[in-house]
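With chain H held as given, fit chain E onto it using these hints.
Protein chains in written order, with this note's numbering: chain H, 1 to 257; chain E, 1 to 277.
No lab work stands behind these hints, which were simulated from the structure alone.
Accuracy of the hints is not assured; some may be wrong.
[Stated by the list, open to error] Chain E side only, calculated, beta carbon under 10 Å to chain H, not exhaustive: (1) V172; (2) R178; (3) G181; (4) P194; (5) L197.
[Unchecked claim] From chain H, some residues computed to sit far from chain E (all C-beta separations above 12 Å): (6) G57; (7) Q85; (8) E226; (9) T240.
As the structure is a computational prediction, the values presented were derived from the model and not from experiment.
Yeah, the Cβ is synthetic: ideal placement off N, Cα and C, and Gly gets one too.
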Amino acid sequence: MNQIVHINDVSKSFVTERGLAVSALEKANLEIYRGEFVCIVGPSGCGKSTLLRIISGLERSDTGQTTYNDRRLEQPHRDVGMVFQEYSVLPWRTVLDNVCLGLEFLREKKATRVEIAMHYLGLVGMARFAEAFPYELSGGMRQRVAIARALATDPQVLLMDEPFGALDAHTRILMQKELLRIWRETQKTVILVTHSVDEAVYLADRIVVMTARPGKIREVIDVGLEHPRDRSNPKYARMTARILDTLEEEVVAAGEF
Amino acid sequence: MHNHYHRVLSLATVLAFLALWSWAAMVVGNKVILPTVSEVADLLSRPTEDLLSMGSLLTNITVSLLRVLLGYMVAVIIAIPLGVAMGYYSAVHTMFGDFLNLFRPIPPLAWVPLVMAWFGIASLADLFGVDRGLWFIYLNNFKYSMVFIIFIGAFYPVLTSSIHGVRNVNRVFIDTARVLGAGEFDIFRKILLPAALPSMVNGMRIGLGVAWMCLVSAEMLPGSISGVGYLITHAYTMASTDIVVAGMFTIGLTGAIMDWLFRRIERRCFSWQRLAR
Numbered sequence: 001m002n003q004i005v006h007i008n009d010v011s012k013s014f015v016t017e018r019g020l021a022v023s024a025l026e027k028a029n030l031e032i033y034r035g036e037f038v039c040i041v042g043p044s045g046c047g048k049s050t051l052l053r054i055i056s057g058l059e060r061s062d063t064g065q066t067t068y069n070d071r072r073l074e075q076p077h078r079d080v081g082m083v084f085q086e087y088s089v090l091p092w093r094t095v096l097d098n099v100c101l102g103l104e105f106l107r108e109k110k111a112t113r114v115e116i117a118m119h120y121l122g123l124v125g126m127a128r129f130a131e132a133f134p135y136e137l138s139g140g141m142r143q144r145v146a147i148a149r150a151l152a153t154d155p156q157v158l159l160m161d162e163p164f165g166a167l168d169a170h171t172r173i174l175m176q177k178e179l180l181r182i183w184r185e186t187q188k189t190v191i192l193v194t195h196s197v198d199e200a201v202y203l204a205d206r207i208v209v210m211t212a213r214p215g216k217i218r219e220v221i222d223v224g225l226e227h228p229r230d231r232s233n234p235k236y237a238r239m240t241a242r243i244l245d246t247l248e249e250e251v252v253a254a255g256e257f
Numbered sequence: 001m002h003n004h005y006h007r008v009l010s011l012a013t014v015l016a017f018l019a020l021w022s023w024a025a026m027v028v029g030n031k032v033i034l035p036t037v038s039e040v041a042d043l044l045s046r047p048t049e050d051l052l053s054m055g056s057l058l059t060n061i062t063v064s065l066l067r068v069l070l071g072y073m074v075a076v077i078i079a080i081p082l083g084v085a086m087g088y089y090s091a092v093h094t095m096f097g098d099f100l101n102l103f104r105p106i107p108p109l110a111w112v113p114l115v116m117a118w119f120g121i122a123s124l125a126d127l128f129g130v131d132r133g134l135w136f137i138y139l140n141n142f143k144y145s146m147v148f149i150i151f152i153g154a155f156y157p158v159l160t161s162s163i164h165g166v167r168n169v170n171r172v173f174i175d176t177a178r179v180l181g182a183g184e185f186d187i188f189r190k191i192l193l194p195a196a197l198p199s200m201v202n203g204m205r206i207g208l209g210v211a212w213m214c215l216v217s218a219e220m221l222p223g224s225i226s227g228v229g230y231l232i233t234h235a236y237t238m239a240s241t242d243i244v245v246a247g248m249f250t251i252g253l254t255g256a257i258m259d260w261l262f263r264r265i266e267r268r269c270f271s272w273q274r275l276a277r
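Looking at chain H on its own, in the form it has when it is part of the complex (with noise of 0.2 Å):
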């Protein structure tokens, strides 16, 4: 398989409101390859989130770097693309034009843009309320919409930051199934930041554990079940279990809890 993003020796450190400098991530070291589903799980605050704003491009790492297809990522690239945690979905516009919003800004004719849009708001089973506003969708219907979105300009890294945090449970579960699905159908290359470990293990080609504050990357563990995976399966509750108490050790030992 070949790689499509580099992450070497990226570190990041933040300085607080009072004045106090955190170290968010420490000489991170991590491959990606093209069409692999990478989750990234951690304790909270352990940088999980500051490594996927690195690649998207949105911060700059204070050293190290990360590649894309051997070029340097510093500022947002088209090929990289985002869903964010918290509802992105623009309220002002109807469902359509927030899908259309990146299509915009690469100076697409109207038609073109409403064509791309439809596609992937199709994809997502979104097609019948592309004339509906944000208000009127539900939390899973607003981050397919984002999800759409981010899909709309054909990246080929679908970076995920938490997508499904804000929904309930039920929700959850459904999500987790149709991003699998969108994964196979689009074959792009998904890193998504969780911290569901069952998210993770239910998703990922490979699991990434980070360590406490500063986070670092602890281990890279290779999930090797097939999909669809069955959450009774005795090797998935191994794996989840085995990860939980990793992270355990790892929010204990930071005495952060």
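Just chain E now, with coordinates in the frame of chain H:
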């Protein structure tokens, strides 16, 4: 049914006020101190009739309205871009923030002496170099001094709400646009402006209210020869209190109608904001 009940309630307050006024006018029995309801209503029912050879209520209110709109427009045109820039770029906020806050507490009326010294009775007629004829009469109504006072009054509410509107734009909207490849201008036009618009329009509504209130003081300035504010002050010196009250009522009604129009626009255009909660 419910709506009907509300209408009756709000009408009841107005009727009670009119009754109290009628009773007080009867007790006072001096129309210079307190004119009767019917005297004022009589004046209001003939809005096109010339009063004290200063023009009719309608002409004066039109002149006032145009003045307010002129000063108001200048304020909006300057305050909105400045407010957006101050809300978005912290450097711009640092540059102008303290400076503008220094002037904010000064009541518009306190500017009058200075403004008179600057502009005297210069008006738009001077700007366009017209010194006689019908156009002179029209343009001479728009004194720089008045426009300036109205400008000061309307400027701050619009500025503050623009800054506030832009600052409160959800960061995730801006990040979303960035990742999708938006340039600075794209972000301004497709994210900041629409997201901050409800707050801006709210500020514009408040600003218009303040501008309208600044009008009376602006029209009391020397050199003013028309406008409702002038009509009121002049009527006062002539002891025509009924005209004073009729003028006041006209100001109130016009202001209320403008406010109502703005609210209508807000409800129509920004339903997404109300319903998004």
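Item to check | Hints not upheld, ascending by number | outcome: 6, 7
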